[in-house]
Amino acid sequence: MAATLDDGPDVLAIDLHLVHEASSQQAFDQLRQRGLRARCPDRTLGVTDHVVPITNSWTPRAREWAETLLANCASLGIPCLPYGHRRQGIVHVVGPELGLTRPGMTVVCGDSHTSTHGALGAVAFGIGTTQVAHVLATQALLVNRPKTMEIRIDGRLRPGAVSKDLALALIGRHGNLAAAGHAVEFRGAAIDALSVEARMTLCNMGVELGARMAMIAPDEATIGYIRDTPHPPDAREEERWRSLRTDDGAVFDARLTLDAGGVAPYVTWGTTPAHAVPLGGTVPDPGSLQDPDLAERALGYMNLVPGTLVSSITIDAAFIGSCTNSRIEDLRAAADVLRGRRVAPGVTAVVAPGSMSVKTQAEAEGLDDIFAAAGFAWGGAGCSLCIAANGDVVPPGARCASTTNRNFEGRQGTGSRTHLMSPASVAASAVAGRLVEPGSLA
Amino acid sequence: MTGISEVRGVAVPFGYSGVDTDAMFPVSGEAIAAEQGFGAALFARWRSDPDFILSKPVYEGARILVADADFGIGSSRETAVWALKGAGFLAVLAPSFGDIFRSNCVRNGVLAAVIDPAARERVHAYLVARPGAELVADVVAGTVGPADGSFTEELAIDGFARHCLVSGIDEFGLLAGYQVSIDQALAAAGPLPPGTHRITGSDS
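Protein chains in written order, with my numbering: chain L, 1 to 442; chain G, 1 to 204.
These aren't lab readings, by the way, just hints derived from the structure by calculation.
For glycine and all other residues, C-beta sits at the position ideal for the given N, C-alpha and C.
Keep in mind that the hints are not guaranteed to be accurate.
Stated by the list, open to error - Chain L regions said to be covered by chain G (calculated; three or more residues, Cβ under 8 angstroms):
no., stretch
1, 121 to 135
2, 172 to 186
3, 258 to 268
4, 406 to 415
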């Protein structure tokens, strides 16, 4: 932190600024209009991800955006990972896997899911385009200090349930803005037991709980993860990271708890991530929910009726990918389910690895062959069907089991119907042609 | 940016809760915005429905949107605010907001004020009974009500946001004034370990 304004926000210096093509164009324009240069090009990295198509050819608009990012970065001396670079990928996959995201850093990006990087103990949050311009120009932001929230998750995850299910269970129980205005720290025995990639999924979804940022204190797993990146830490750095712990007896402004052992595989039935129920459950009665009007609208949009068994809902599409669930462990989990199986007739299935590094690793492990044999399209790397800004779309009225983070109306294409799930659950659902738990396949 | 101390104009009893920024500015809105400006893309998917409240002629030129809980959740896209502002809205009132959306509003001179759920219901009912009625949202006093003063409700506006709105603060200038401290803080933190340039280079 560089300074504090009287009765106002803090001036927060930014260690790492990630820039992608979908939220930066007007920021670069603002800099040009003001005749400003990039303050710290060596703390900035451009990455092409939102407009990269997986199953289609490039649209003219997507190509224009990708080229504009490259030109903008070049004009300001900012390094860039464009499509075609062997380390290109989704910005929130690439930052951690390259060892750029490190404990204790401040990380921002013009993307709400920047909370993902908090899984490595970074202070990481999404910003608007004007703020992207602020960071480009000054390498700092004015930030209102968030309140603090502890989310304690103890107990042990049941077989078949993963960190995505923890996230959906929390959001389903507490709502889309339960953590609004708060910096969330996830802690507890269940968090300690999660891999760093699983922690990224949880912190990624923290923003769907409304959190300003979500983080997990660095531990040996974090250090081990960064040791395996192209830029391992030295002993002094590791020692400093071990000290980045919340003090014993620290008081948080708010607190939520969850018993991991009580969490089954989850799925969303409606049009916000808070519309979540266990896969073994039923579509709820709107009257039983906090916001009956929204639930009624959601049921209409999703073409569902209350009381329907979730496992009876048939799907037309399946998608594995996004900054939430496109890392190597996610692909392994899905491939484990798909080995020796095929997707149900009529289901269009796509896997979009989160980065070219993930894609290369998966191919080295033969996962691409498993996906192909199962009937999944394979390509990468980018946001693909999570944002549908790239030519990849779910057709109107079609129902998609998806490992993504948002089931908003039209998120995967106009009229598309999204059901959020874990990678293994999406894989199982693709095979069954219905929304089912990973363990339910014969 | 010009300061705003009040927003006066036709108010829409929008009513919807759980409105995400994808709804405000869908990806398909990009093409519309490129041709007709951001305002034309506001709620692009919903606006094609003649029964959608913003399709109704009585709300043409409206300045204030009275929404329900969880407004502006989801994506950080500032295009959602540009679409609202482009369509003429200078104030949004709701019981709760997505954090990034609310912060984007301030930076564009749009008031995003929190209104108590019961107060929202009263304002909503007032507007439903009088389509096209005007309201005055007073940024300085933190109140909203009809221009005739028949009733007022309180608004919660963050102190710094109010200051920025009323004085039309340009955060660029404010931040630039701290550049020395910022550079010192970054120097103390040290460079990124590898240097990002090396990551994108052909050697790595």
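Requested in this report: May I ask which of the numbered hints given earlier this structure violates, with the numbers listed in increasing order?
Outcome: 3
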